[in-house]
Each structure stands twice: as C-alpha cells, then as structure tokens.
Amino acid sequence: MVTVNTQFKQAEACGVAEYVADRHFEGQLEGRFYRSSCSRGVIDDVQLPTFPPGYHLFSASDVPGKNELPIVENDWPAFADKEVRYIGQVVYLLVGPDPEVLEDLIKQIKITYISSTPAFTISQSQAMKDGPICGSDNQFDHHELIKGDIDKGFAEAVTIIEDSCSTSYQEHLYLETQGVIGYPKEGKIVIEGSMQCPWYVHHCMSHVLGHDKVRAIQCTTGGGFGGKEDFPDVLAGPLAVAVEHLQLPIRLIFNRTEDIAFTSKRHPVEFNYRTGVDKDGKIVAMDLKLDINSGGYFSLSGIVLQRSLTTCTNVYDIPNVRVSGTAWATNTVPNGAFRGFGAPQTCFAIETHLSHVAKETGQDPAAFKQAHFLTSQSKTLTGAEIYGDMVLDQMMTRADELSDYHEKVKSYAAQVQMSDDKFGKRRGIGLAVFQHGCGFAGDLEDILVKAKVAIVKDPQGNVEILASNTDIGQGLSLTFCKIVAETLDIPLDRVHQARPDTDKVPDSGPTVASRSILIVGYLLENAAKELKENWIEGVEQRFEQVYKKPDYHHWDQQTYQGNAYQATSYGINVVEIELDLVTCQSEILGLWAVYDVGHAIDALVFQGQIDGGLVQAIGYGSSEKLELNEQGTFAQKSMADYVIPTSLDVPKIVSSLVENPYEFGPQGAKGGGELTHNGGAAAYVAAVESAIGVNISSIPVTPELISELLYGCENGDESGGKNED
Amino acid sequence: MVIAYRPETTAQAVEYLARGDVAIFAGGTDIMVGDKPVCRSFKGEPSAMLFIDAIDELKTLSDNSKTITVGAGLSLTELENDHRVPKLLRDSILQVAAPGVRNCATMGGNVCNASPAADTLPILYLLDTQVVVSSVNGKITFPIEQFIKGPGITQLTSSDLLTQLVIPKTEFSHTFYRKVGTRCANALTKVSIVGAANIQNGLLSDWRVAFGAVGPTVVRDQQIESLLIGKPVAWLKQHHNIQSIIEAYKAKISPLSDQRSTATYRLRTSLKLLEKWLTELSDG
Numbered sequence: 001m002v003t004v005n006t007q008f009k010q011a012e013a014c015g016v017a018e019y020v021a022d023r024h025f026e027g028q029l030e031g032r033f034y035r036s037s038c039s040r041g042v043i044d045d046v047q048l049p050t051f052p053p054g055y056h057l058f059s060a061s062d063v064p065g066k067n068e069l070p071i072v073e074n075d076w077p078a079f080a081d082k083e084v085r086y087i088g089q090v091v092y093l094l095v096g097p098d099p100e101v102l103e104d105l106i107k108q109i110k111i112t113y114i115s116s117t118p119a120f121t122i123s124q125s126q127a128m129k130d131g132p133i134c135g136s137d138n139q140f141d142h143h144e145l146i147k148g149d150i151d152k153g154f155a156e157a158v159t160i161i162e163d164s165c166s167t168s169y170q171e172h173l174y175l176e177t178q179g180v181i182g183y184p185k186e187g188k189i190v191i192e193g194s195m196q197c198p199w200y201v202h203h204c205m206s207h208v209l210g211h212d213k214v215r216a217i218q219c220t221t222g223g224g225f226g227g228k229e230d231f232p233d234v235l236a237g238p239l240a241v242a243v244e245h246l247q248l249p250i251r252l253i254f255n256r257t258e259d260i261a262f263t264s265k266r267h268p269v270e271f272n273y274r275t276g277v278d279k280d281g282k283i284v285a286m287d288l289k290l291d292i293n294s295g296g297y298f299s300l301s302g303i304v305l306q307r308s309l310t311t312c313t314n315v316y317d318i319p320n321v322r323v324s325g326t327a328w329a330t331n332t333v334p335n336g337a338f339r340g341f342g343a344p345q346t347c348f349a350i351e352t353h354l355s356h357v358a359k360e361t362g363q364d365p366a367a368f369k370q371a372h373f374l375t376s377q378s379k380t381l382t383g384a385e386i387y388g389d390m391v392l393d394q395m396m397t398r399a400d401e402l403s404d405y406h407e408k409v410k411s412y413a414a415q416v417q418m419s420d421d422k423f424g425k426r427r428g429i430g431l432a433v434f435q436h437g438c439g440f441a442g443d444l445e446d447i448l449v450k451a452k453v454a455i456v457k458d459p460q461g462n463v464e465i466l467a468s469n470t471d472i473g474q475g476l477s478l479t480f481c482k483i484v485a486e487t488l489d490i491p492l493d494r495v496h497q498a499r500p501d502t503d504k505v506p507d508s509g510p511t512v513a514s515r516s517i518l519i520v521g522y523l524l525e526n527a528a529k530e531l532k533e534n535w536i537e538g539v540e541q542r543f544e545q546v547y548k549k550p551d552y553h554h555w556d557q558q559t560y561q562g563n564a565y566q567a568t569s570y571g572i573n574v575v576e577i578e579l580d581l582v583t584c585q586s587e588i589l590g591l592w593a594v595y596d597v598g599h600a601i602d603a604l605v606f607q608g609q610i611d612g613g614l615v616q617a618i619g620y621g622s623s624e625k626l627e628l629n630e631q632g633t634f635a636q637k638s639m640a641d642y643v644i645p646t647s648l649d650v651p652k653i654v655s656s657l658v659e660n661p662y663e664f665g666p667q668g669a670k671g672g673g674e675l676t677h678n679g680g681a682a683a684y685v686a687a688v689e690s691a692i693g694v695n696i697s698s699i700p701v702t703p704e705l706i707s708e709l710l711y712g713c714e715n716g717d718e719s720g721g722k723n724e725d
Numbered sequence: 001m002v003i004a005y006r007p008e009t010t011a012q013a014v015e016y017l018a019r020g021d022v023a024i025f026a027g028g029t030d031i032m033v034g035d036k037p038v039c040r041s042f043k044g045e046p047s048a049m050l051f052i053d054a055i056d057e058l059k060t061l062s063d064n065s066k067t068i069t070v071g072a073g074l075s076l077t078e079l080e081n082d083h084r085v086p087k088l089l090r091d092s093i094l095q096v097a098a099p100g101v102r103n104c105a106t107m108g109g110n111v112c113n114a115s116p117a118a119d120t121l122p123i124l125y126l127l128d129t130q131v132v133v134s135s136v137n138g139k140i141t142f143p144i145e146q147f148i149k150g151p152g153i154t155q156l157t158s159s160d161l162l163t164q165l166v167i168p169k170t171e172f173s174h175t176f177y178r179k180v181g182t183r184c185a186n187a188l189t190k191v192s193i194v195g196a197a198n199i200q201n202g203l204l205s206d207w208r209v210a211f212g213a214v215g216p217t218v219v220r221d222q223q224i225e226s227l228l229i230g231k232p233v234a235w236l237k238q239h240h241n242i243q244s245i246i247e248a249y250k251a252k253i254s255p256l257s258d259q260r261s262t263a264t265y266r267l268r269t270s271l272k273l274l275e276k277w278l279t280e281l282s283d284g
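Taken in order, these protein sequences are the chains called A and B.
Going by full-length UniProt numbering, the first sequence opens with residue 1, and the numbers climb by one from there.
Going by full-length UniProt numbering, the second sequence opens with residue 1, and the numbers climb by one from there.
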C-alpha cells in the first residue's frame, strides 16, 4: 500500500495554491471597515462625506435579517448600531473599486460618541465604573463546580497555601491574514474565504440575510489556530449584506496591522488558589477561583469557561475541590478560540501552582505531581469513571529516560550561587504534565453538532470524502484520506477529500476542539467499513454516517457531572534552558515530549503538530507579549513587535508516543492538535524557576520580567548590586 | 504615476536630486516595510523615485593603509563577505534581520535610516567612521556622530546622496559585541553594546564603547573614554573604579519603554553588559 501521498500540500509548497487574496472576479470591488474609535460609548452624531458614484456605505440599517453574529449567543452585532464596546468594532462597511478612495472616505467619516469609562481588565470590569457594560454585573457567565467536601478537606490540612497565577493575551499570527470574498451565483450569496468552519459562515450569512440562499466555501487556508473559527463571521456578516445589495463580487481582506489589532485573541485568565496539604504531603483540598477576560461580546467565552472549570485539576486526583469561574465583560476586542481553548491557561496555572506547593512543602515537584496522578480507578473532577487505561506513570518514565530529567534536577540544584558568578549562565529544567478533552464539551457533540459525513465511490473505484472539516495547514486532508484508504485497503491516491463547500458537503461540524480525528475521523472509518462490506465494482455508491455518542458517555450540563469530554489525551513536556544572568535571555537546550493520543494515524503529520504546538506554547510562555495600552488597544502592532519564536530559537524536539488505543476513535486515535499547546508554557516556566530559584506566577516570562525578578530589588540603583561587598 | 530615475553615475544621480521632490530608493528594505511604502525623508509621496542600484561607483570597496572606503550601495551581505571590512562590523551585520533582507539592504540605507536600534551604527560610531555626502555642489564629509541627528534624522538634505563611508583601520587587542534582540533571528534590537580596547604593557592605550537602542542616537562619549585611556588595566581591579565608569554612562543613557522592551531593562542590561566587559578586561 502507498503510504506517502506525493501530492499532499504540493500546491501550497509550490506556490500555485489559490488563497482568498488570489481569487479574482470580473468587476470585483474592495471592501473596507470603518471602525469605532471609542472603547465604550453610544453613537451621538454622524457626519458622512459625499460618496462618489460607484462607492457605497453599509450599516446596521441595511441588514435585511438580524443584525447579529450568531456565535453561541447573539449579542455581537454585525454592524454597531447605537452602542460601541471596543475600539475597532465594525460600524460601517465601505465598498468601491479603488481602495485608496475607500481609505480617503474612511478618513472623512466623523462620528461623535457619548463615552463612558471603559473597563479593560478584570478588576476594572468588577468595579463597574459608569455601570455595567452588559447585564447587571458585567458577568457574561458564571459557574461553580464542587467535588467532595471542601470544608472537611481543609480540616484535614496541616499546610494551606495561597497562590495566584495569571496569563496574558496570545495572538494567533497565522501566516495568512483574515479574508473573504463574496459574490452572487445561481440565486445564492456565496462567500469564499480563509476559514476553519464553512458551516458557521453559512449560518451567519443566513442569519444576517434572513434567508438560506447562501453558500460558504473554504479557500486554501494559511493557518487558523482557532482564529478562523468564529472570526470569519465578523467579515462575512457585513459582506453578505453588501453583496446581496449590490449583486457584485466584493473582496474584504485584512492587512496585518488590522489583523493583529482587531481580531480575537486568547483569553487572559486570573487564577487564585487555596490549597490544603495534609501531614503526609498530599493535597486534601483545593479552592480555586478563576476569572476570564472576555472582551466586549460573549462569543466563545462560555465554552472556554466550561473547559477551564472542568479541567482545572488537570491530571490530578484531588479529593475535595471547589472551583468557581466567571467570564467578565470588558471593553476590548472579544476574545475567542485559540488552540487549546482555555486549557493552555489552566495547565500553566495548575502546573505552576503545584510546583510551588511542592517546593513549599519540601517535596520534589515531579514526584509530588506523580503521587497525585489520576489512575484507571480514579473518578474525574466531574465525577465520571475513567474510560480506558491511564498510562501517565509509563509516560513519566519515558519522559525521564529521554530527557534525564531527575539527574539534571539534582545537578542544577547544586549550581553555583548567582552571587558567585554574576556574569555567568545558569541552567534549569522543567516538566509539565497535561491533558486535553477531545471534541466538544460535555455531550454537545450529541445534542448540538450531530456530525454527518458521507463517502462516495465512483464507478472507477475512486473514493471522495464529504465532510465540512477543513485542512488549515494541520494536515487533516491527508489523515482523513489515510483513515479511509487503510480501512478500504486501497491505495492512498484513490481517495481524496472534497473541498469544504456547504453546497456539497454535509455539516460534520467545525474544525475545532480536537474533534476532527476523534469524532469525524471515526465516522469516516465507519462509513469506509460500510462501503468495504458492501463494495460493488463499477457502480457509484454513497454511505453516510451520523454521530452517536458511546454508551458510557453521560453528561449533565446543569450540574457539570459526568464525562466532561468523550475522550481525553495526555502529554508530558520537558524543557531545559540556559539563562544568561546578564541579559536574562534564555536559550532552550532541550525539548522533550511524550504523548498519549491513543494512536497516531500518521506519525509524521502528528510530528508536525508536536513541533508547531510545542513551539507555539514556548512562545506563549516566553516571548509573546501582547499588552493593552491606555486606550485599550494593543501596543504590539506588527510581526516585528509581536515576537514568536523561529526555528533558530528552539532545538530539535525529541518526542515519543505511548500506544493506548481508544475504542471509539479511528484506528484507536484520540485528538492531538490542541494537546500539543497545553504544556509548553508551564514546562518553560518551571525551567526558568529551576534556573533562578525564584517563583514565577505570570506569563509570558520575558527577559524583562526575569530581570525584574532577579534585580528589581536593587532599588533601581544600578551601581550597587545586592551581592556586592 | 511616479517618475522613476535609474542613473548609472553619481553625477547623474545628484542632478536628478537637485530637481527636488525625489526619494532615493536603495535596497528598499525600510521603504517597503508596512502596509504602504514609507520614505522617511518625505512626509507625503515624492513625485519621483531615484533608484541607485545601477551606480557602480556606489558598489566599490577600497582600502589603503589607513582607511577602508565602503560604497553606500554595497549590500550588507557583500560587506559581511569582504574580509577587509572590520570584523566587529561583520559580526553586527550577521545579526541584522535574515539573509534575504541582508542581500537587499544597503550600508548607506542603514545609515540614512538612522534608527537608534540599527545594528551597524554603534560599530560605525566606535570606529570613528566618516560619512561622505555628494550633491551638485560637491562633496562634504561628516563624522558619523554629527551626520546622525536623531531618530530618522540626518544632515542629508533633499539634494544630497550619501555615497561612501570611510572607516579608519584600527587594530584592537580586545573587542566585545552583544546584541540583545527579541529572539535569535529576524530580531529588532532591544539593546546593543560594542566595546574595543588596546592593552599594551599593562596599560589601556585605547578604550571605546558605544551603545545602541538606549537613546535617540547611538551613545558614545569620548570624554568618559578618556578617563580610562592611559590607565593601567589593574585600575579596573578596583570595583569602585568600574562603578564610577558605569555611573558616568548611566547619566548618558536614556532609553525609552516601548512595545519591545522597558526602559528599566534596557538601562540595567546595557550597564550590566558594560560591567561584564570591564570585568573581563580587568582579567587581561
């Protein structure tokens, strides 16, 4: 059997693939957004310039259906009507042939606002100056989850440790910026674009236009990382209105500055822990409060909050837990989906906190964590039996074998004191254990998504996959084809995936939440099995599959009890660094990773996920600084300011997979793409802590932060260090 | 439509410039950055572009016993590959952006862009580089610290063309160069420092240091340098002597906080690097 598809990504690699910016239609117009310059206010007065012939302006009053983007809740308007909640919110869409004329018109539009005091941070949101931004208390969502008896737990504790951790924004920085092109065709409004979820765009157009004569098609997409889950709706809603009105093709493509400034980001989260440890050094109680900064509209914050709550104890069996989580409204760009969806924040916080607890109680962090691992006999935080085997101990052994973690911990603990060699370098090693729930939260796969796929065999015996899941650079199309080809036992080049086009493919759900392989791949495997059993030479055959949850899976959305996810994948990352005591820059000496993803269908494709996900996580933990300025917009505006690691910043990643097949995944596979982002930041921070012997509680850990931690207490007096004689 | 000139001689080029409202395009790596081409010497759009890539005179490198003369149109890669170019300068070039950018970017462009964070500028200051500017009125030579007046601001008028850099040949027994960037490759500078010294018979016969990205222009102070020159190396063994040098520079360095780093970090790190270098020197 052929296992290498030489055509895979050939077009992208050779530069002949058509991205949305390469699409061209006769008479195509350009679109530009006019955006709010006020972070919180009500539109008071508007002065519009005279538009030359052929130039048009679209606003809330032009929306034929509902002026809402249907992202979970319908609170985010397609066009701001009266109220604005953040700088950059779309007020108008301008359309015309010459982009320079559009830019000039934008400059001539004058809106005055009656502004009120904006809230950018969680504490500002809580203060509710000038009243709430939304509801009565600025809370988009709130939920509490309890396991065991928290009071009884704390009564058994001999040590109680309070600790707080926080995470900042992260920018997706996909290579291709956001862009869509819309045009009328055969009575429908069609939007093509760079997107993860064509059916989301389809539903959005239909909601805004008030009819279902719409169609969404994915163009070749240059990366998403979650940034193209909900956000294409922000472009597609207004664009659909303009295309329907003018009946002409219109293109709307963000430049990089616009993309960094106004698209969704990873949610910043603040964690406050109170953890009780008993006389044997075991955790008996954990009380956790987590607060999420959602931005101006609800968007996906509720689901991020749910994942944060249900996975807040990570891979640990803690008997008594109370966790209370709130998603707060603020006056910034709404935060959205980003690889891991709440889990990288939660994993960083719990791993860092547990290291602090271990050190405080005189224990080795890795051994302390291992002593609390969930086992096959454990119950999860949400009270479910563990399904399948837990192989964390085996993974820990493997991680230690690869990285020599325990030996290095000992040797680095014995390094010379900084005062003895203030111009030298110090080494550190850190480890993080993590998990990722695959697929939509709870039983949403069953009650909401109900994924549907089809495979079609033509008379020549070639097989086409019909699914709405998109290849956004992660290699999904190859993996899907392999699942089907291997099940059918036919050569790989006889299987291909149809372009995700809502006119052609059933709604197999969005390309998010590590559900593509686990949920949709399994449906494809079952469809292929059905075809194999019923294969008839020389005729066209079609087989469909619809999602049905496994019998063991139970979930109660009210009480948050049951299987928080259908399946869970696991990982361990180890990071070794060398820190320059003069510049506080760190060099990464080693990166090791061990995963349980059930089974990797294509180990090389998964290696790509490991390399990308782990490096992205290292960037999240070390260099990717995205700060709000006083106006509530981001200080970092370009790829030169927002610093993601390059291949020169990381060594070759050494990784290993533990086989642990999952019964309800294709070939035993579980999800893996998001998982690879969950542990890197925590492991990096642990390595820095190990090098400098100081606790860290927020990311990113930049050289500036390390310098403050090491030398900030020198009273700003550069002439006399604390170690001077 | 913008008029494009592509002369083959400096004489022709300065004639075009004398007509006014002409923007010089060398490698284009700064002009082409951003959503729209931006030219520092023009607020609006110039009516003509002067492409200087066809002028061979700007692409020559020559040397004599005392100096090396670098054509402004030589690319950073060409300088990096020429062993007549001082090693300190070549070391700094290797840390500029990525190979593709270095292949296009010119030495003259790097100087005229006059960014406080430019990687080559501290080296040029340290080496007492002279800048040769041509116009229809003839040639003028400036010491580089007089040529650059502020961020993006130089002595260049709209009718001038930077044609050459003249770098004195100076041998140093000890050098020190560190760029603190945002990452390993393709990184803009947060702080940089270059130092050079000659130690003869236990005396510091020459000692210089220059800092990048810690003020509106490169910081080099020959008055402070003169406090060290002529002193025995052993003078540095006294920690308070090193501290007095650091204190002197502390008063000269005025970094900003921006989206890439903080003023505190820049100040602290540049002084720590200086201390590290002085301590290294004290060990001979």
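Hint data in this document are derived by calculation from the structure and do not stem from the laboratory.
There could be a bad hint or two in this list.
Claimed, not checked - Below are the DSBU-like pairs computed for lysine-lysine, each with C-alpha atoms no more than 35 Å apart in a straight line: (1) 359/A x 450/A; (2) 250/B x 422/A; (3) 504/A x 529/A; (4) 149/B x 107/A; (5) 637/A x 237/B; (6) 637/A x 107/A; (7) 231/B x 139/B; (8) 188/A x 107/A; (9) 237/B x 422/A; (10) 129/A x 107/A; (11) 82/A x 188/A; (12) 425/A x 652/A; (13) 425/A x 66/B; (14) 66/A x 548/A; (15) 9/A x 452/A; (16) 252/B x 422/A; (17) 250/B x 169/B; (18) 425/A x 82/A; (19) 422/A x 139/B; (20) 450/A x 529/A; (21) 452/A x 410/A; (22) 289/A x 379/A; (23) 66/B x 637/A; (24) 250/B x 87/B; (25) 213/A x 279/A; (26) 504/A x 66/A; (27) 139/B x 169/B; (28) 637/A x 250/B; (29) 422/A x 66/B; (30) 425/A x 252/B; (31) 185/A x 66/A; (32) 139/B x 425/A; (33) 110/A x 231/B; (34) 9/A x 169/B; (35) 652/A x 87/B.
To be verified - Some, not all, of what chain B presents toward chain A, calculated at C-beta under 8 Å: (36) 64; (37) 65; (38) 66; (39) 67; (40) 68.
Every residue, glycine too, gets a C-beta built ideally from N, C-alpha and C.
Would the hint linking residue 149/B and residue 107/A be met if the CA-CA limit is 35 Å?
holds (33 Å)
Are the Cα positions of residue 422/A and residue 139/B separated by 35 Å at most?
violated (50 Å)
Is it true that the CA of residue 504/A sits at most 35 Å from the CA of residue 529/A?
Since the Cα atoms of residue 504/A and residue 529/A sit roughly 22 Å apart, the hinted pair holds (cutoff 35 Å).
Assess, step by step, whether the Cα of residue 637/A is no farther than 35 Å from the Cα of residue 107/A, and give holds or violated.
holds (20 Å)
Assess, step by step, whether the Cα of residue 250/B is no farther than 35 Å from the Cα of residue 422/A, and give holds or violated.
holds (19 Å)
Given hint residue 68/B near chain A, where the shortest CB pair must fall under 8 Å
Violated. Min distance 30 Å.
Straight-line alpha-carbon gap residue 250/B to residue 87/B, limit 35 Å
Since the Cα atoms of residue 250/B and residue 87/B sit roughly 28 Å apart, the hinted pair holds (cutoff 35 Å).
Residue 66/B was flagged as interface toward chain A. Is the shortest Cβ-Cβ separation under 8 Å?
Violated: closest Cβ of chain A sits about 36 Å from residue 66/B, beyond 8 Å.
Does residue 66/A lie within 35 Å of residue 504/A when you go C-alpha to C-alpha?
At roughly 26 Å apart (the allowed maximum being 35 Å), residue 66/A and residue 504/A satisfy the hint.
Given a cut of 8 Å on the nearest C-beta pair, is the interface hint for residue 67/B held or broken against chain A?
violated (34 Å)
Verify the proposed pairing of residue 9/A with residue 452/A, using a straight-line Cα cut of 35 Å.
Cα-Cα ~26 Å, so holds.
Hint check: residue 237/B vs residue 422/A, CA-CA at most 35 Å. Holds or violated?
Distance ~16 Å between residue 237/B and residue 422/A Cα, so the pair holds.
In summary, the numbered hints that this structure violates are 1, 5, 7, 13, 18, 19, 21, 23, 25, 29, 32, 33, 34, 36, 37, 38, 39, 40.
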